[in-house]
Amino acid sequence: MGMPSPNAVINRAMKDAELISRSGAWAKEARQSASERAQSQGLPKRRDEYWKYTRPDVFVAGSVELEAQISPEISIFRNQAKTEISFKNGNLLSEMLPKVGNCLIESLTDATSLDLHWAQDVYGKLELAGQNPVERTLATLNTAMAQQGLLVHATGQVIDPIRIHAVSAGSTDAVIHHVVKVDAGASVTLIETGHYGARGNVVMEVEVADTGSFHHIRVQDGQERHMLTHIFARIGADATFKSFTLTAGGKMTRNECILELVGDNSSVTVAGACLGDDDFHHDDTVFITHDAVNCESRQVFKKVLRNGAVGVFQGKILVKQGAQKTDGYQISQSLLLDEDSQFLAKPELEIYADDVACSHGSTSGAIDEDALFYLRSRGVPESKAVDLLTLSFIAQAIEEIEDPDLAQAILSHLTGTLEAR
Amino acid sequence: MLEIKNLHVELEEEDKQILKGVNLLLEAGKVHAIMGPNGSGKSTLSYVLSGKGGYEVTAGSAHLEGNDILAMEPEERAAAGLFLAFQYPVEIPGVGNMTFLRTAVNSQRKLRGEPEMSAGDFLKVVRAKAKDLKIDADMLKRPVNVGFSGGEKKRNEILQMAMLEPKMCILDETDSGLDVDAMKLVAQGVNALRDGKRTFLVITHYQRLLDHIKPDVVHIMAAGRIIKSGGPELALEVENNGYADLLEETA
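Just so you know, the sequences run in chain order A and B.
Residue 150 in my numbering sits at position 150 of the first sequence; the count goes up by one each step and never skips.
Counting the second sequence from 1 gives a position; my numbering is that position plus 1000.
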C-alpha cells in the first residue's frame, strides 16, 4: 500500500465534508490553517525517529480494510458516571446534551457553525503549540478534519464524572476532537469508554486555568481497532491534571500526551496500564514541558504483554530554564509473560534548570517465581496466581487515580478482563 | 499423616545433592521438630514437600495420608491439606491481604469440590481469627506482607494457616527474626490449632521456640539426613552443647 500525500488525505476529507465552507468564522480559520500546516508538515514516515518503534502506516493509509464486530457493551462506570454522552460511528448520538451543574457541554458541530465561540482560543491552538519540537501531523489533520466532538466548559466544581461513550462499527474511520476548558477553581472528571472500529483518531485539547483541576480516565477496549489519540493540555498555576488510561484490546494503539506546565505549583500525572495479547501493539508517547517553578509531573506506565504483544514507551520531560524546583518522575515497566513479547522504552530528560529533581526508570521482567510459588502453596492455581501477580504489577498505575470509586471500577474491570482471557 | 521415605533431592541447576535419604514418619496429631546446623537441608525439605521449583527428587517418596504428594502441583498439595509457613513470607504489592486470603480459601475449596465460602461468612471467620493473633483491620486491608514488620509477617502466616485449616503444617524457622513477645504470640496461634488430629513439623535452629510449642519428637538433621531422633530432651541437649557432639557421635 503506497502512502498517500497529506494533500490527498486532506483533500478527500474536505471534499466529502465541504467542511470549510460550512464552518463559521473561527472554525473556518482553525481548519484552514490546520490543513495548510498539515500539508507543509507532511505525514509521519517509518524512518522518523519519533515513529521508530511504531509503524505509522495504518494511521496514514487512505483507508483501513476491516469488518470488525462491534464488541458487546461494557458496563464499567455505569454507577460512577451518571452523565453519559454517546457517539456512534463517530457521530454524536445525544440530541439533547445533558445539563450538568457548573458545566456547559456543547457539540463541536454546533459550535463550529458559529462565528464566535470560547473554543476558538483552544481548538487547534494547543495542538499547534504541541507541534514543537516534534511534528504531530496526524493531530493537525484531526484539527482540520474533525466534525464531531464535545466542548466541555467547567465553570465550577462538577460533582459527577461525565462519561463519553463512543462505539463505532468495524469499518468506521472515526475522527473526533474534544475541547475542555476548566476555569479557575473549577474541577471536572471526564471518562472515555467505548469501542472504536477500524480506525480512530481522537484529539482532546485541555486548558486548565489557575487553581483548576482536571481528571481523565479512559478505558480502551475493542478487538480489532487501530487507535491514535492525542491529549494536548496547558496547565496554569496551582492546578491539577491527572490522566489514566487502561487499554485491554485493539491491534494498534498509540496514545500521545503533550502537557505544558505554564503556571507555578502545579501537578500533573499521566498513567496507564495495558493488557496485551497476540497481535497487539501499544505505544505511550508522552511529552511534558516544565515552564514554571515548583511543579510536579508523574508518568507511571505498566504494560503486561504475552503471545508476541509489543509495548512501547517514549516519555520525555523537558525542564526549561527557570523552571526551578521541578520534581519529575517517570517510570515505565513491562511484565513479559513469555519470551515472544517485547517492550521498547525510550525515556528522556532534557533539563535547563539547576535546582531540579528528575528521576526515570524502565524495566522489563517476568513473573516473580517466589511470589508465584507463595500463592500456589496457598492453593491458588497457577493461572489465577499469574492473574493476581498481574494485578499486583499494575496496581502502582491504578494508585495514580485519585477517586477511589473510579479506581475500584478500573480494578474490577481489569479483574474481569483477566478472568475472561 | 506424612510419611517420607529415603528422600534424595538435588538442586536442578547445579549437580548438588542436598537431601541424602531422609526418612520420617509423622503421626496424626503429633508435633515433630527438626533441628540442625545451617545447610543441613531443613528448608530444602520443607520446599520439596510443598512443591517449590528448582529441586529434583532423585529417589524416595513422600505420602500425605497415603497420597503421593511429590506428583502433585503445589496448589494440589495445599488443597490436600499441606501448609508451609514461610521463613521469608513474600510481599505482594497491590493485592489486599483479605483478597489474597479469600482467594486462597476458595481456591482450595474449589479444588476439593466444596462450595465456596460466602463473603459474609468469610469476613466473620477472618475477623475472629485475626483478633486472636492481634492482627487489626488495617493489616487485613493492606497489601499482602507489604510494610509488615518481621513479627507481623509471621503472624500473617499463622492467620493463613488458621484460615486454611490444613492437616499437615510445616513451620520453616517461624521464630527467625522474632522477639520474645512476638514468638509467644505466634506460638499461641500454633498451639490453638493443635487439636489432636493436625500434625506439625517445626523447623528451627533454637530450642526457645520449642519451649512454647512443645514437640512430641525431636529430630536432628545434618548433611541431608536425620542423624538422631528423640524426645524433647534432645532439643535441650542441643541448646546446651551445640551440634558438635551429636555430629561426632554419628560420624
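I should point out that these hints are in silico values taken from the structure, not numbers from a laboratory.
Ideal placement from N, C-alpha and C gives every residue a C-beta, glycine not left out.
Warning: the hint list may mix true and false statements.
Chain A side only, calculated, beta carbon under 8 Å to chain B, not exhaustive [as the list claims (entries may be wrong)]:
no. : residue
1   : LYS52
2   : GLU369
3   : ALA371
4   : TYR374
5   : ARG376
6   : SER377
7   : ARG378
8   : GLY379
9   : LEU388
10  : LEU391
11  : SER392
Restricting the straight-line Cα-Cα distance to at most 20 Å, the calculated cross-link-like pairs of lysine to any residue (SDA-like) are [stated by the list, open to error]:
no. : chain 1 : residue 1 : chain 2 : residue 2
12  : B       : LYS1052   : A       : ASP368
13  : B       : LYS1141   : A       : PRO404
14  : B       : LYS1052   : A       : LEU372
15  : B       : LYS1124   : B       : ARG1142
16  : A       : LYS384    : B       : HIS1205
17  : B       : LYS1052   : A       : VAL386
18  : B       : LYS1110   : A       : ASP387
19  : A       : LYS346    : A       : LEU372
20  : B       : LYS1153   : A       : ASP368
21  : A       : LYS384    : B       : PRO1037
22  : B       : LYS1052   : A       : LYS346
23  : B       : LYS1184   : B       : HIS1205
24  : B       : LYS1153   : A       : LYS346
25  : A       : LYS251    : A       : ASN307
Verification of the supplied hints:
no.: 1; hint: LYS52; verdict: violated (32 Å)
no.: 2; hint: GLU369; verdict: holds (7 Å)
no.: 3; hint: ALA371; verdict: holds (5 Å)
no.: 4; hint: TYR374; verdict: holds (4 Å)
no.: 5; hint: ARG376; verdict: holds (4 Å)
no.: 6; hint: SER377; verdict: holds (5 Å)
no.: 7; hint: ARG378; verdict: holds (4 Å)
no.: 8; hint: GLY379; verdict: holds (4 Å)
no.: 9; hint: LEU388; verdict: holds (5 Å)
no.: 10; hint: LEU391; verdict: holds (6 Å)
no.: 11; hint: SER392; verdict: holds (4 Å)
no.: 12; hint: LYS1052/B - ASP368/A; verdict: holds (13 Å)
no.: 13; hint: LYS1141/B - PRO404/A; verdict: holds (14 Å)
no.: 14; hint: LYS1052/B - LEU372/A; verdict: holds (10 Å)
no.: 15; hint: LYS1124/B - ARG1142/B; verdict: holds (18 Å)
no.: 16; hint: LYS384/A - HIS1205/B; verdict: violated (35 Å)
no.: 17; hint: LYS1052/B - VAL386/A; verdict: holds (16 Å)
no.: 18; hint: LYS1110/B - ASP387/A; verdict: holds (17 Å)
no.: 19; hint: LYS346/A - LEU372/A; verdict: violated (30 Å)
no.: 20; hint: LYS1153/B - ASP368/A; verdict: holds (19 Å)
no.: 21; hint: LYS384/A - PRO1037/B; verdict: violated (37 Å)
no.: 22; hint: LYS1052/B - LYS346/A; verdict: violated (37 Å)
no.: 23; hint: LYS1184/B - HIS1205/B; verdict: holds (16 Å)
no.: 24; hint: LYS1153/B - LYS346/A; verdict: violated (38 Å)
no.: 25; hint: LYS251/A - ASN307/A; verdict: holds (13 Å)
This entry does not satisfy hints 1, 16, 19, 21, 22, 24, going by the numbered hints stated previously.
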